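Undergrad: Sequence:
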Amino acid sequence: MHAAPALAAPPSRRASVGDHLRHWRQLRRLSQLDLASEAEMSTRHLSCVETGKASPSRELVLRLCERLAVPLRERNAWLVAAGYAPMYREHAMDDPSMQAARRAVQHILDSHHPWPAVAFDRHWNMVMANRMVAPLLVGVAPELLQGRVNLLRISLHPGGLAPRIANLNQWREHLFARLRQQIHQTGDEALADLLTELIAYPAQPANTAQRLDGEHPGVLMPFLYQTPDGMLHLISTTTVFGSPVDITLQELALETFFPGDEATARALREMADGLGDGSAKSGSDTGR
Numbered sequence: 001m002h003a004a005p006a007l008a009a010p011p012s013r014r015a016s017v018g019d020h021l022r023h024w025r026q027l028r029r030l031s032q033l034d035l036a037s038e039a040e041m042s043t044r045h046l047s048c049v050e051t052g053k054a055s056p057s058r059e060l061v062l063r064l065c066e067r068l069a070v071p072l073r074e075r076n077a078w079l080v081a082a083g084y085a086p087m088y089r090e091h092a093m094d095d096p097s098m099q100a101a102r103r104a105v106q107h108i109l110d111s112h113h114p115w116p117a118v119a120f121d122r123h124w125n126m127v128m129a130n131r132m133v134a135p136l137l138v139g140v141a142p143e144l145l146q147g148r149v150n151l152l153r154i155s156l157h158p159g160g161l162a163p164r165i166a167n168l169n170q171w172r173e174h175l176f177a178r179l180r181q182q183i184h185q186t187g188d189e190a191l192a193d194l195l196t197e198l199i200a201y202p203a204q205p206a207n208t209a210q211r212l213d214g215e216h217p218g219v220l221m222p223f224l225y226q227t228p229d230g231m232l233h234l235i236s237t238t239t240v241f242g243s244p245v246d247i248t249l250q251e252l253a254l255e256t257f258f259p260g261d262e263a264t265a266r267a268l269r270e271m272a273d274g275l276g277d278g279s280a281k282s283g284s285d286t287g288r
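The numbering of the sequence shown is this note's numbering, which starts it at 1 and goes up by one.
The reader is advised that the hints may include incorrect statements.
Stated by the list, open to error - Here are the simulated distance ranges between beta carbons: (1) E197 / T239: 19 to 29 Å; (2) A265 / S31: 45 to 55 Å; (3) R148 / E66: 25 to 35 Å; (4) E59 / V138: 45 to 55 Å; (5) H45 / E173: 39 to 49 Å; (6) R58 / Q32: 14 to 24 Å; (7) E66 / L212: 36 to 46 Å; (8) T227 / S37: 48 to 58 Å; (9) T238 / R269: 47 to 57 Å.
For the record, the hints were derived by calculation from the structure and aren't laboratory data.
Predicted, not measured: the structure shown is a model, and the values here were computed from it.
Idealized CB from N, CA, C, for every residue including glycine.
Produce the entire structure from the sequences given, and follow the hints as far as they go.
TA: Written out as structure tokens, the structure reads:
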């Protein structure tokens, strides 16, 4: 018999539900009039909630969160600040209740073989991966692979993949744009700190930088990566879960890579053949 899963700890930086409301309304660049109209309430009532003169019902809290596209983790914080019980639970991927979801994610990753695929959390820490990811990380500084492996850090750190990415500056721009959008959507201060760290890493000298065609912002991104066996032309795309009710699943994303040319497809197949059939273990797993 297992203990009940712990509820996600709410952020502590905003004390009242009015503080949360003001923060997210301003983050979404909405006036009180705009939000009141979308939430089908009076501007006066919204103002009173924001200033603490009125206490919102549980239904109103959830409606405002929905209109403001507040992530599930933060919705719990709103509910607690308003005096209600948290609604959304957070389970580690190795929790017994997540076995079905875990198997589904691993199946997706393994089905992508022989192309690389990885699952990561809201802070870009690797949670699960298929067997084709490990060969691409050979040569990365050991300290970057200890503890929680952060995909952005190992991508852009000079001791990571950066020296082998031929279109590094283009890749940096792509990752920075994604990270800024994520910060805007979530208001996550840890991500803002990570962005500051990443920007300080050296860029590629302009005279050696390559730029690939085929970029579709938010959909596809080309990735030119030098390996001991030659240059790989990969195309990266990201998938997220549609409407999960568990915080962990909402914050999980899948990054999958496809060959951008036949030479890369052939090289990846040969690399996969060199790994064996993988019958002892399917996939690579760093889930917590």
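Undergrad: If any of the earlier hints don't hold here, list their numbers in rising order.
TA: 9
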